[in-house]
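Q: The residues making up each chain are set out below.
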Amino acid sequence: MAAVFGMLFDGVAYGMLLFLMSVGLSVTLGMMNFVNLAHCSFAMLGGYVAVTLMNAWGWPFFATLPVAFMAAAAASVVLERLFFRRFYNAGDLQQCLLTIGIVFVSIAGAAYIYGTDQQPVHLPAYLTGSIVFGGMEFAVYRLFLIATASLITLVLVVGIETTRFGAQVRAAVNNQRMARGLGIDVDGLFAVTFALGSGLAGLGGALAIEMLGLDPSFALTYVIYVLIVVSVGGLGSIAGTFVAAMLLGISDMAGKYYIPALGSVLIYLVMLAMIMWRPTGLFGRR
Amino acid sequence: MTSASVAGPHAYLQAQARWRRGEIAFWLATLLPLVLTPDYLVLASQVAIAGLFALSLDLILGFSGIISLGHAAYFGVGAYTAGLLSVWGWGEPLTGLLIAGLAAGLLGYVTSFIIARFHHLALIMITLGLGLLLQEAANSASWLTGGFDGLQGINTWPILQKFDFDLYGYTAYSYSLAVLFIVFLAARRLVYSPFGLALRGIRENGQRMPAIGAPVYSHIRTIYTIGAMIAGIAGALLAQTTETVSLEALGFQRSADVVVMLIVGGAGRLYGGLIGAIVYIVARDRFSGLNPQYWYFWIGLLLIAVVMLLPNGILGGLALLAQRLRAKS
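For the record, the sequence lines run as chains S and R. Quick note: the numbering used here has the first sequence finishing at residue 286, numbered continuously throughout. Quick note: the numbering used here has the second sequence finishing at residue 1329, numbered continuously throughout.
Looking at chain R on its own, in the form it has when it is part of the complex (with noise of 0.2 Å):
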C-alpha cells in the first residue's frame, strides 16, 4: 500500500497533480525557439496550435474513451468564427479567441447529446458523420465561408493595441504558447480533479460507474463540451495567425491528422499530445519536399507501428522503459 490511498482521495490527487520538474523543464523548453531558432517561429507557432487542438482530443478520447472522428469539426467552427469576425470589422483577437470557443462549445453542447448515447460502430458513423456534415455544409455555403477558395480578407488586430503580428511570427508564437499554456493549466486542473478521475473511470467500465454514483451522461457530455471549446480555440488561433481559413480546417484529413498526433505522443497522458504535436509536425516539415500522398505512406506505416509495438505511444513507451529500470535496479 502506498501512503497516498492510506491518507484517502484527497490527498491522492494531490499527490498526482504536484508539477514534476520533468513538467517544468518541458515548458521551459518551449520559450527556447524565441531565442535558439527564430527562423523556426511560424512552424513553432503550429506545433503549440496543433497542440492544443490535440490536448482537446485527448480530454475527450484518452481521458473519457470517446472515439472521434470528427474532431476537426469544432476546430474548424472556432476558425471560421474567429476569421468571419475579422472579415466583419471585429479584428481583436483575445475576444475573437473567446468568442469561438464559445461557438464552437456551444456546437459541442448541443451534439454532446447525441454522442452520449452511442457506442462502438455507431459512435464511429455518428462522429464521421458529423464532421463530414459539417465539411459538406461550409463547402456548399460559399457565400459565407469562401468555399473551396476559402474566407478572404482577415486582418488581426495587435494584441492587447500593442503586440502587432510580424512576418516572423515572434508575436504568434508567443501568443499561441501563452494561450496553449493557459488552457493546459485549466486541463491539468480538470484532469486532477475529482472530475478528472471519474471520467478515467466512465473510460474504464462505462458501466460500472453509475453504480459509485458517477452521473455518467452527464460528466461525457461536460467533457464533450469542454473538449469542443478548446479545439475551437485551437481553431481560431490558426485563423488569427495565419489570417486564412480553407476548409481543409474542418476536413477528414485533420480529424485523422489529430488522432495520429494524439495517438503517437500517447493518449490519456497529458503531454502525449503535445508531444505528438511536436513530433508530427516537425516530422512533415522535414519532409515537405514529398509529395503529400507519399508523406501519408509514412504515417500509415508509423499509424500500424505504433499500434502494433507502442500500443500506448512514445510517452507510454518511455514510461514502460523507466518503469523496466528501476525494477532492475
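Looking at chain S on its own, in the form it has when it is part of the complex (with noise of 0.2 Å):
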C-alpha cells in the first residue's frame, strides 16, 4: 500500500511538472493554433539559466527562479517578433518546420555551451532529503514542486476566471474572429499569453532539474510529452491541461515502477486511444 502511495505522490510531483511546462502552449495553441514545436526549448533555457546561476555566480535556488521565468519570456517574445508571427497563417507543416529547427539550434547551443552532461544543482539544504508521515517517507523537493505547481495553478485559474485580461483571453481561445470583431487586440494579447506560458514553461524547467535532469536533449525529449498533455488534455483548456498532466504523470510513473520492461510503450498506446476516442481532447471544444 505504502508503494502505491509513494508511486501516487511521485506521479503528482512529475504531473504537476508537466503542467506547468504545458500550459502555456495549451493557450496559445487554442488562441492562434500555432504548433509550437519549440515550447521546451523554453523550458531548457530557464533550467540553464537556473544552473548557470547557481553554480557559476553562486545565486540561491529561489533566487534564480524568477530569473529563469524571465529569461525564458524574453526570449519568446525576441522569437515571437523574428519568426513566429509571420506563420500564424501558414499551415501546420511549415510551422512545424520551423519551430523543430529553433528545437535543433537550442539543442546544439545548449550543447556547445554546456557539453551534453547532466547538470547538477544545488538546492538549499532544507528542500533536501525527506519527512516521514504517517508511516512514509515524502521527499521535501517534491512536496516543495507539489505546492509550487498548486499555487501556480490557483493563481492562474483565478487570473482566468475572474480578471479582465483572463476573460479577453477565454474571448479570444474561443472564437479569435469574434473577439477581434470586439475590439480585443488579439495580437496584444497573443503577445503577452505567450510570454507568459513561456516564462511558465522556463520556471517549470528550473524546477524540473532536480526531478528530470537537465542535458541539451530535454527540448526533443519533454516537448513529446508535452504536446501529449496539450493534445489529450484539449487546447486551451486549463482544467483540461491539468487533468492530462496529471493522468500522464501518474501513468507513466506507474509504468516506471510495475511494468519497466515495457518502457513508454504504454504512454504512447495511451495516448494514441484517447486520441481517437476524443480527437479534441478531454476538455476541447474544437
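Hints listed in this document are in silico derivations from the structure and should not be mistaken for laboratory results. Every residue gets a Cβ at the ideal spot worked out from N, C-alpha and C, and that includes glycine. Worth double-checking, as some hints may not be accurate.
[Stated by the list, open to error] Derived list of chain R stretches under chain S, where covered just means 3 residues or more per stretch with a C-beta under 8 Å from a C-beta of chain S:
1. 1061-1069
2. 1111-1121
3. 1128-1138
Starting from the two chains in their separate frames, assemble the complex, guided by the hints.
A: What follows is the structure, given as C-alpha cells:
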C-alpha cells in the first residue's frame, strides 16, 4: 500500500511539472492554432539559466527561479517578433518545420555551451531529504514542487476566471475572429500570453532539474510529453491540461514502477487511444 | 487559355507527363558516380536510398498534404523485415525487398484507417505517436530485433545469384539506383494520373473534393499505403546493402531527417526528395568530422532559412527564378 502511495506521490509531482511546462502551449495553441514544437526549448533555457546562476554565480536556488521565468519569457518575445508571427496563417507543416529548426538550434547551442552532461543542481538544505508522515517517506523537494505548482495553478485559474485579461484570453481562445470583432487586441493579447506561457515553461524547466535532470536533449524529449498533455487535455483548456498532466505523470510513473520492461510503450498507446477517442481532447471544444 | 486545357483533361495530363530534357539528363547523371567517383559509391548508394525514402514521403506529404512526423516507422519495418528474413536464412535480395515492401505496406494500410480521419495537431500527434510507439516496441522486443545493439548476422545473397555485394559498393549502388529508378517510374506514372490529380486536389482543399465525386478517405488510404510500401522498400535496401539494422532505422531522428530532405529539395515535386537527399547526405558526409549535435545546429538554421525564404524548397526557388527570367525576356 505504501508503495502505491509513493508511486502516486511521485506521479503527482511529475504531473505538476508537466502541467507547468504545458499550460502555456495549450493556451497559445488554443488561441492562435500555432503548433510550437519549440515550447520546451524555453523550458530548457529556464533550466540552464537557473543552473548557471547557481553554479557559476553562487545565487541561492530561490533567487534563480524568477530569473529563469524572465529569461524564458524574454527569449520567447524575441522569437515571436522575429519568426513566429509571420507564420500564424501558414500551414501546420511550415509551423512544425520552423519550430523544429529552433529546437535543433537550441539543442546544439546548449551542447556547445554546456556540453552534453547532466547538469548538477544545488538545493538549499531545507529542500533536500525527506520527512516521515504516517509511516511513509515524502521527499521534501517533491512536496515543495507540488505546493508551488498548486499555487501557480490557483493563481492561473483565478486570473483567467476573474480578471479582465483572463476574460479576453478566454474570448480569444473561444473564437478569435469574434474577439477581434469586439475590439479585443488579439495580437497584443497573444504576445503577452505567449510570453507568460513560455515564462512558466522556463520556471518549470528550472524546477524540473532536480527530478528530471537537464541535458541538451531535454528540449526534444519533453516536448513530446508536453504535446501529449496538450492534445489529450484539449487546446486552450487549463482544467484539461491539468487533468491530462496528472494522468500522464501518474501513468508514466506507474509504468516505470511496475512494468519497466515496457518502457514508454504504455504512454504512447494510451495517448493514441485517447486522441482517437476524443480528437479534440478531454476538455476541448474544437 | 493554353491549348491543353482546351483539349481536355487527358491531353493536359499527357502534356504534363512528357519527359523533359532535364529529367533525362538527371537520370544519365546518376550513372556518373560509377565512372567518375568510384571511391564514393557507398555514399552514392546511401543517397539513392535516402532519395527513395524521401520520394515515398513526397507522395504522402508533398502531393497529398498529409503531415507525417513518423514516417521512419515504415522504413524501419521494411529494414527489419529484410534483415530478419536474412537472419532466418533467406538472404535472396529481390524477394526480400518485395516481402519487406509488403510488410511495410500492410502496416501502412492498417494505420491509414486512423491517419485518414485526423487533421492538424491530432494528425501530427498520431503520426509522431505511432513512430515513437514502434521504436519503443522494437527496443523492448530485443529478442527479435536485437534491441539497442541492432540486428546481427545479416547476410545478403548475390543479386540474381550473380552480382555479389563488394566492398566498394559497385553492386550496392547499381542495385539501389535500379530500384530507385523503377519505383520512381511508378511514382511518376501515379502522380500524372487522374488519381494523382485528385490527390493534389485533396491537398489543396479536402472539403471540396467530395463535391466533384472524389472519395477523399479512400484516396488518402491508398496513397498512404503506397507511401508506406515504398518507405519499406527503401528500408530493406538499407538493410541489404549495409547488412545491419539498428533501432536508429525507425527513430524520430530519421523521420525528421527525411522531412528536412524533402522540404529542402521541394515538397510536391517529383525530384524534390531526390535533390534534397543529394544535398543532405553529401553535406552530412562533408561535415562528418563535426559532432552530430553541431550538425543539427546547421540543419536547424537551414530549416528556419528554407521555411522563411524558400517555402517551396530548392526546386521551387529554381522554378520561380526561371519564371522571372522568362517574364523579363
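Q: Is the listed coverage of the stretch 1061-1069 of chain R by chain S valid when you require three or more residues with a beta carbon under 8 Å from a beta carbon of that chain?
A: holds (count 3)
Q: Cut-off 8 Å, C-beta pairs, minimum 3 residues; does the coverage of the stretch 1111-1121 of chain R by chain S stand?
A: holds (count 5)
Q: Do at least three Cβ atoms from the stretch 1128-1138 of chain R come closer than 8 Å to Cβ atoms of chain S?
A: holds (count 7)
When held up to the earlier numbered hints, the structure conflicts with none and fits them all.
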